[in-house]
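If you're matching positions, the sequence shown starts at 21 in my numbering and goes up one per residue.
Treat the hints as calculated values from the structure; they're not laboratory data. Predicted model, so just to flag it, every value in this text is computed and none were measured. Glycine included, every Cβ here is placed at the ideal spot set by N, Cα and C. Incorrect hints may appear among the rest.
Unchecked claim - What follows is a set of in silico ranges between Cβ atoms, one per label pair, in the way DEER data are often shown:
| id | residue 1 | residue 2 | range |
| --- | --- | --- | --- |
| 1 | 204 | 250 | 49 to 57 Å |
| 2 | 139 | 74 | 43 to 51 Å |
| 3 | 133 | 39 | 34 to 42 Å |
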Amino acid sequence: MFEARTVEGLAKALDIYFEIVAKDKTLVEQDDKGLLNEGIAFYEPKLHANASDTEAVFYYGMIQFYNGAVEEAFKLLEPLRNSETPYGDRLQVVWNEIDKRRREEEARREALRREEEAREAARIAAAEQAAAASAAIAAAAGSAPSGSVASASSPADALHAEGYELYKKGQVDAAIEKFNTAISRNPNDPNYHYHLGLALTDKGLGGQYDAFDRAIEAFNRVLRMAPPGEKLAKDAEAMVRDITAAKNTLKR
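Start from the sequences, fold in the hints, and give me the full structure.
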């Protein structure tokens, strides 16, 4: 190759170099004794002077290709793909690389498209599951009995009654505050805890999913206080079961 450079000129030396490295691309890492830089110095001005100079396009483009500036080489050389030139065979290595990269890019885009479709399908499925779970909890809460609201024979009963009226009006946060205050005055009435559980369930259905855990705690306190087998205990148990079954789906 280096002899050809001296005897037959730069173009011949570059032809031999391109042929050698096309067979083993690892050879581009070896010292080319300044051959490619000499090629750039010679062909770059020719290319700037005449962008249609096929010889300058070919040699400068091939030098860029083997120097690692592959995209720039593609832009320069691709117009030669469908042209009659004396460089057809030597350009095949470039066409192969272009086609390989395009296939890889198409495969990458297809993989991204499939991933996006899978994500969208999962999102829709999760939304449907969440809606079904939300409906199940809402149905359970809606069908649950109100428990009893005692006449205001004590300050705690009065607070509980106020809270229940607020709850029926949809003022859930205010109702929870009243129920908690009533419980602080009298922690042993299961009806207070039951109504607190219903209010917290509504809060969870509104999107504050951590309220479901607090609702379960309230219903579990009912189970510890109410006589086993009593209607209130059975309803509290049903609420715990329904919320536990659905809350993980809602949190997805």
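These are the hints, each one checked on the structure:
1. 204 x 250: 49 to 57 Å: This hint is violated: roughly 24 Å between Cβ atoms.
2. 139 x 74: 43 to 51 Å: Holds, since residue 139 and residue 74 (Cβ atoms, about 48 Å apart) stay within the stated range.
3. 133 x 39: 34 to 42 Å: holds, 40 Å
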